[in-house]
Amino acid sequence: MSNLLSLSDYLPEMILLGVILIAIVMDLVPATKRFTKGFILVGLILVAAFLYQGDTSASSLFMGMSAHDPFGTFFKWLFIIATFFVVLIAKYDDGMDQSIAAEFNILLLIVMFGLFLMATATNLVMVYLAIETVSISSYILAGMLRNDIKSNEASLKYVIFGAFASGLMLYGFSWLYGLSGSTDLTIIRDVLMTQEGPVFVVYISILMVLVGIGYKLSMVPFHYWTPDVYEGAPTPLTAYLSVAPKAAGLALMIRFFTMTFTDGAGETVANVDWTVLIAVLSAITMTVGNLLALRQENVKRLFAFSSIAHAGYMLMVIPVISTDSSAAIMFYLVPYLFMNLGAFFVAIAVSNHTGSYDLAGWKGLGKRTPLLAALMVIFLVSLTGLPPTAGFIGKVYLFSVLIKHQQFYWLAVVAVINSVIALFYYFRIVREMYFTDSDDTEPLRPHPILTWSIISCVIPVLVLGLYWSPVIDWVTASLKMF
Amino acid sequence: MSEVFFILIAAITIASAIWVVFSSNLIYSAVALLFTLFGVAGLYVFLYADFIAATQVVVYVGGILVLIIFGVMLTNKIADNRISHSSRPRFMAGVISFFIFVLVMTVIFTTTWHTGEEQIATATVNTIGEMILTTYLLPFEVASLVLLAALMGSALLSRKKHG
Chain X
1 MSNLLSLSDY
11 LPEMILLGVI
21 LIAIVMDLVP
31 ATKRFTKGFI
41 LVGLILVAAF
51 LYQGDTSASS
61 LFMGMSAHDP
71 FGTFFKWLFI
81 IATFFVVLIA
91 KYDDGMDQSI
101 AAEFNILLLI
111 VMFGLFLMAT
121 ATNLVMVYLA
131 IETVSISSYI
141 LAGMLRNDIK
151 SNEASLKYVI
161 FGAFASGLML
171 YGFSWLYGLS
181 GSTDLTIIRD
191 VLMTQEGPVF
201 VVYISILMVL
211 VGIGYKLSMV
221 PFHYWTPDVY
231 EGAPTPLTAY
241 LSVAPKAAGL
251 ALMIRFFTMT
261 FTDGAGETVA
271 NVDWTVLIAV
281 LSAITMTVGN
291 LLALRQENVK
301 RLFAFSSIAH
311 AGYMLMVIPV
321 ISTDSSAAIM
331 FYLVPYLFMN
341 LGAFFVAIAV
351 SNHTGSYDLA
361 GWKGLGKRTP
371 LLAALMVIFL
381 VSLTGLPPTA
391 GFIGKVYLFS
401 VLIKHQQFYW
411 LAVVAVINSV
421 IALFYYFRIV
431 REMYFTDSDD
441 TEPLRPHPIL
451 TWSIISCVIP
461 VLVLGLYWSP
471 VIDWVTASLK
481 MF
Chain E
483 MSEVFFILIA
493 AITIASAIWV
503 VFSSNLIYSA
513 VALLFTLFGV
523 AGLYVFLYAD
533 FIAATQVVVY
543 VGGILVLIIF
553 GVMLTNKIAD
563 NRISHSSRPR
573 FMAGVISFFI
583 FVLVMTVIFT
593 TTWHTGEEQI
603 ATATVNTIGE
613 MILTTYLLPF
623 EVASLVLLAA
633 LMGSALLSRK
643 KHG
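Protein chains in written order, with our numbering: chain X, 1 to 482; chain E, 483 to 645.
For the record, the hints were derived by calculation from the structure and aren't laboratory data. Treat the hints loosely; a few may be bogus.
To list a few chain X residues with every Cβ distance to chain E over 12 angstroms, as calculated [what the hints assert, rightly or not]:
| hint | residue |
| --- | --- |
| 1 | 133 |
| 2 | 440 |
| 3 | 441 |
Okay, the calculated bits of chain E under chain X, using three or more residues with CB under 8 angstroms as the criterion [to be verified]:
| hint | stretch |
| --- | --- |
| 4 | 497 to 510 |
| 5 | 627 to 637 |
Cut-off 20 angstroms, straight-line C-alpha distance, at most; resulting in silico cross-link-like pairs (SDA-like, lysine to any residue) [stated by the list, open to error]:
| hint | chain 1 | residue 1 | chain 2 | residue 2 |
| --- | --- | --- | --- | --- |
| 6 | X | 91 | X | 409 |
| 7 | E | 642 | X | 148 |
| 8 | X | 157 | E | 642 |
If you're wondering where the values come from, they're calculated on a predicted model, not measured in any experiment. Glycine residues also receive a C-beta, built at the ideal position from the N, C-alpha and C atoms.
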């Protein structure tokens with residue numbers, strides 16, 4: 001579609017851009033400065049309203065640069081929910097520097113814009129630019145606490161790893177361009193399909209593309225930055241990073257691999273069997289994530305490794321080339337969003353009281369603040385994947401893809417073993433909360449907005465564990481890709 | 483004739499790039515980088531990419547390199563600014579790098595790359611300008627957002643703590 005006609009399908013993005021620009025100006029004018037956060041929240045609701053209004057057809061926008069389809073819209077909803085919660089909560093984290101709260105929120109919106117682009121990009125130029133929009137803004141956000149040496153370290157490590165990963169990915173893109181003479185994902189696929197036999201050059205290109213996307217997903221072996229960045233970054237950002245860019249990375253991976261590296265009939269392109277490669281990487285990712293999580297004493301690091309493991313679970317179904325696997329990942333992302341955000345918000349509430357993220361600070365929480373502790377238990381049960389929570393249903397869908405298509409049974413076995421390992425470290429937190437006593441018996445008093453945000457995260461986790469068919473219907477309706 | 487020029491420029495690029503990596507003095511590295519960047523600009527000229535070549539000189543040589551040198555100069559202890567090459571398992575790193583080099587080279591030379599139809603070389607600036615405002619309009623506009631983020635970020639990270 002031509003540029004001018006595309007604009008009518010691009011209303012949510014344009015409103016988001018408007019919100020970003022107006023918020024920057026509002027923050028500069030002393031009279032309106034204190035309304036910035038409220039304005040951003042209203043703006044996000046406006047973006048959501050226009051996203052809801054948009055039509056559900058699939059079309060190509062801006063001369064093939066971007067797509068407008070139900071698949072992208074599904075992910076945009078996840079990004080809006082995550083951003084809304086994080087903007088809402090950021091003020092109530094005592095670790096945040098409140099003098100730069102507005103800049104934090106505005107940069108978060110720019111990240112969100114990049115995530116929108118990542119979920120809809122259909123051209124190599126757009127893929128790269130979308131990843132960079134997300135990355136560059138995240139580097140800044142991670143280093144925002146300038147007087148905190150951990151935050152400086154996080155930002156620097158993030159930049160170096162990120163630059164390296166994008167460099168390799170760009171080199172891979174240049175090979176794909178060299179083979180096809182085009183940057184359009186579908187044209188590249190058409191050219192790759194004419195190649196005879198297993199072509200080594202395609203294999204290496206896929207490998208280098210995987211570096212770029214795997215870095216965003218914190219897939220092993222590109223995960224080294226994850227624990228340090230998660231630990232050093234401001235915690236609201238950590239919560240965001242563990243959810244939104246990961247979802248966007250998966251969206252990009254699903255779109256990229258189904259559009260370019262499969263032939264549309266369930267076979268890999270040019271006889272290059274990348275499915276085994278991803279299956280092995282997924283097994284390693286979940287195992288490494290879970291094993292390293294066992295010995296962590298810092299809650300943020302623990303959840304960093306837990307998020308690596310969850311990336312492994314979700315990657316597990318990508319080797320099965322079918323719409324079932326995208327549906328399973330999309331379904332899993334919904335509870336994953338709420339349980340991860342919720343767990344981080346509880347961690348913020350605890351650290352506001354103790355001043356650190358050490359696991360020792362959680363001692364006796366069950367007696368001191370029964371509500372928070374109970375909510376945390378629900379999140380942890382869901383993260384482990386036990387009934388009656390939504391995490392369990394999500395895992396069932398992931399496993400059922402492997403069983404239904406009768407491929408990679410060994411991967412399912414690895415995942416089950418990993419879920420058992422995960423039980424150990426998630427329940428270490430439960431043990432600290434309920435079975436150890438602390439000298440500090442003072443109850444925690446989190447801000448009401450923080451408490452209510454945690455409660456509104458717990459509702460979907462519980463409800464979707466019992467009644468999940470609306471989400472499945474939504475996911476099935478959102479599988480259509482341009 | 484042009485082949486001789488090409489080999490000359492390629493040699494300068496590679497030789498200075500090696501110097502950048504192996505020199506243990508940051509200033510020498512930065513100066514060597516100057517030649518590398520100029521060499522790359524020359525290679526662009528051979529690809530008839532005149533606009534990219536000019537941009538390369540303006541942005542990298544004129545902007546980024548100067549910034550790097552400023553950064554080095556303004557850092558403390560400029561006199562004994564030695565970079566340590568203390569990547570310890572040097573042998574293993576060498577073997578792996580060599581292996582990757584051979585692999586990439588083999589693949590590059592055994593692949594049949596896409597070749598477009600032959601074109602008469604003309605100035606590219608017009609075409610680029612047109613493409614940026616038609617086919618590549620969205621990336622062009624998004625790039626401005628990335629710049630905005632970078633601008634905000636640098637202002638944020640470098641300003642004195644107020645309050």
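Hints versus structure:
1. A beta-carbon of chain E comes within 12 angstroms of the beta-carbon of residue 133 of chain X; the shortest separation is about 5 angstroms.
2. For residue 440 of chain X, the requirement that its beta carbon stay farther than 12 angstroms from each beta carbon of chain E is met, with the minimum near 31 angstroms.
3. The Cβ of residue 441 of chain X sits about 35 angstroms from the closest Cβ of chain E, beyond the 12 angstroms cut-off, so the non-interface label holds.
4. Against chain X, the stretch 497 to 510 of chain E contributes 0 residues with a C-beta closer than 8 angstroms to a partner C-beta. That does not satisfy the three-residue criterion, and the hint is violated.
5. Check on the stretch 627 to 637 of chain E: 7 of its residues sit with their Cβ under 8 angstroms from a Cβ of chain X, so the three-residue criterion for coverage holds.
6. Distance check on the hinted pair: residue 91 of chain X and residue 409 of chain X sit about 46 angstroms apart at the alpha-carbon level, beyond 20 angstroms; violated.
7. Between residue 642 of chain E and residue 148 of chain X, the direct Cα distance comes to roughly 15 angstroms. Compliance with the 20 angstroms bound is thereby established for this hinted pair.
8. A distance of roughly 23 angstroms separates the Cα atoms of residue 157 of chain X and residue 642 of chain E; the hinted pair therefore is violated under the 20 angstroms criterion.
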